[in-house]
Amino acid sequence: MKKMLIVDDSATMRKIIMRVLRQAEIPVSDILEAGNGKEGLQRLVADPEIGLVLSDINMPEMNGIDFLKAVRTRRDKQSLPFVMITTEGGDTMIQTAMESGANGYVTKPFTADSIRSALGGILG
Amino acid sequence: LADVADQRRAPEAPALGAALRDSLERALEGLLSERLADECAPNEASSFAGPRFVARIVLRGEGEAHFRVSCTEVAVQRIATTLLCAASPDELAAEEVLDALGEFANVVAGGVKTTVFDGRGAWQLGTPTCAVEESTASEAETAALACRFGGGLLAVGLDMRAPLARAA
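Chains as they are written, first to last, in our numbering: chain B, 1 to 124; chain Y, 1 to 168.
These are calculated hints, taken from the structure and not from any lab test. Keep in mind the model is a prediction, meaning the values are calculated, not measured. Any given hint could be a false lead.
Derived CB-CB ranges, DEER-like [as the list claims (entries may be wrong)]: (1) S29(B) to P89(Y): 39 to 49 angstroms; (2) A37(Y) to K3(B): 34 to 44 angstroms; (3) D38(Y) to P48(B): 48 to 58 angstroms; (4) P48(B) to S47(Y): 54 to 64 angstroms.
Below, a list of computed lysine to any residue pairs in the SDA-like style, where the Cα atoms sit at most 20 angstroms apart [unchecked claim]: (5) K15(B) to R78(Y); (6) K15(B) to A41(Y); (7) K3(B) to P48(B).
Idealized CB from N, CA, C, for every residue including glycine.
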């Protein structure tokens, strides 16, 4: 089981994501939270056991794309599973996220099925 | 002023109205398991008394568009208690209620951006700013939609500050 980091500037959305993860029966050992990309990066550096990141895109301080790019510049985080969860469902944004190194993409509002489908291949 | 008025009667208004409706329907169903029903005429919406709980999001690109979700107290309480799985609004702090409204607005605005703005230049969705406002005056907007929700009023609106470019 992996330790997961959820990065979203809305505490409400972080709670919704955690609830849906439980509904989807995604096996995680622990869930950590951060309110923007900068905080997320600090959490990742401080805790090498984090094995999966779910991140929003539109956030203050550091957005999800810049966060993802910063994560991928770190040699020990280049294969860290990273999934975007965002309201941005346009092809351009999805392409930007995937080209920046995202492993999956979920559009809000989401269901337990869409989360399971996005994380299924990553968690094995 | 005449220019601004012309832009607010822009030819894209019907498409924006349809996008607002589709995106609000998706957010209601996906986040709250509710259906969009019981629409109000613009003059009817102003008859709901009390302060408005308002979330505003600015889209910036080839111009600016101002998106707004506005609710009466009972409507915002319905959104917040459902999103946060609270048995009663009394369990929620004021900032939790506003954060829930902001996230609801974010999902609706994201849907509108995807449907209408993507493919018409580079547009960026801002983060929500939420507040309680005493004024219930209706706003001049390019497209707007209001409905009865949770025993109160839920309204969305979009104010284009420049005409949209043609889709690519």
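How the hints compare with the structure:
no., hint, verdict
1, S29(B) to P89(Y): 39 to 49 angstroms, "violated (34 angstroms)"
2, A37(Y) to K3(B): 34 to 44 angstroms, "holds (43 angstroms)"
3, D38(Y) to P48(B): 48 to 58 angstroms, "holds (53 angstroms)"
4, P48(B) to S47(Y): 54 to 64 angstroms, "holds (58 angstroms)"
5, K15(B) to R78(Y), "holds (17 angstroms)"
6, K15(B) to A41(Y), "violated (35 angstroms)"
7, K3(B) to P48(B), "holds (10 angstroms)"
Figure legend: structure checked against the earlier numbered hints; hints not met, in rising order: 1, 6.
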